[in-house]
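Sequential numbering from 6 applies to the sequence shown in our numbering.
Because the hints were derived from the structure by calculation, they are not lab data.
The beta-carbon is built from N, C-alpha and C at its ideal position, and this holds for glycine as well.
Where hints are given, some of them may not hold.
Here are the computed lysine to aspartate or glutamate pairs in the EDC-like style, where the Cα-Cα straight-line distance is at most 16 Å [as the list claims (entries may be wrong)]:
1) K94 to D42
2) K106 to D65
3) K106 to D42
4) K106 to D61
5) K106 to D37
Ranges between beta-carbon positions, derived for each pair [what the hints assert, rightly or not]:
6) N71 to A101: 16 to 22 Å
7) S21 to P84: 35 to 41 Å
8) A64 to S36: 15 to 21 Å
9) P85 to R24: 25 to 31 Å
10) W83 to L18: 20 to 26 Å
11) G35 to R98: 27 to 33 Å
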Amino acid sequence: MSDADDELRATLLDHSDHRAVRNVFGAHTGSDTATLDDYVESMRATDGAVALVADDGAADVYARWNGTTGRFEHLTIWPPWSIGGFDHKDADRLAAFLDEKDDVRPTPHGATPFEDQQVLSSLSHRIWP
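Construct the complete structure from the given sequences, taking the supplied hints into account.
As structure tokens, this is what we get:
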């Protein structure tokens, strides 16, 4: 297991009082399944410590819960650096967006471009809202 995998497992265990988080943990370890709604809710239940990553063709899609604004956000990065982003008022809109993507999976927030404000600032001129 990688350090990111260990961090994700520890975060999910720390928040296992939420059913959605337990379902995501089960899916991550291969012992259970989780719905897309579980994945989205796990971001809010962990106060953003868990993010999601998905594939959209050649692009990587990152999603997070932003507790400061009370909204979900996603960032799409297409090689070689075309950027798109959007915030979602509610979980259902993000789940509908992610439902069209492939291989949605949890990841630690620290393993996403959201973690580094310098990265986000450098992307701000490229479509990021």
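Status of the hints after comparison with the structure:
1. Distance hint between K94 and D42 is fulfilled; the C-alpha atoms sit about 15 Å from each other, no more than 16 Å.
2. Proposed proximity of K106 and D65 is supported: the alpha carbons are some 10 Å apart, at most 16 Å.
3. As the CA atoms of K106 and D42 are separated by approximately 14 Å, the hinted pair is consistent with the 16 Å bound.
4. Between K106 and D61 the alpha-carbon distance is near 5 Å, which keeps this suggested pair within the 16 Å criterion.
5. Taking the CA atoms of K106 and D37, the gap is about 21 Å. The hint is violated against a cut of 16 Å.
6. Between N71 and A101 the CB atoms are about 18 Å apart, so this pair conforms to the stated range of 16 to 22 Å.
7. Checked against the hint of 35 to 41 Å, the C-beta distance between S21 and P84 comes to roughly 37 Å, which is consistent with it.
8. For A64 paired with S36, a C-beta distance near 30 Å fails the hint of 15 to 21 Å.
9. For the pair P85 and R24, the supplied restraint of 25 to 31 Å is violated, since their beta-carbon distance comes to about 41 Å.
10. Evaluation of the 20 to 26 Å hint for W83 and L18 yields a failure: the beta carbon distance comes to about 34 Å.
11. For G35 and R98, the hinted distance range of 27 to 33 Å is satisfied, since their beta carbons lie about 29 Å from each other.
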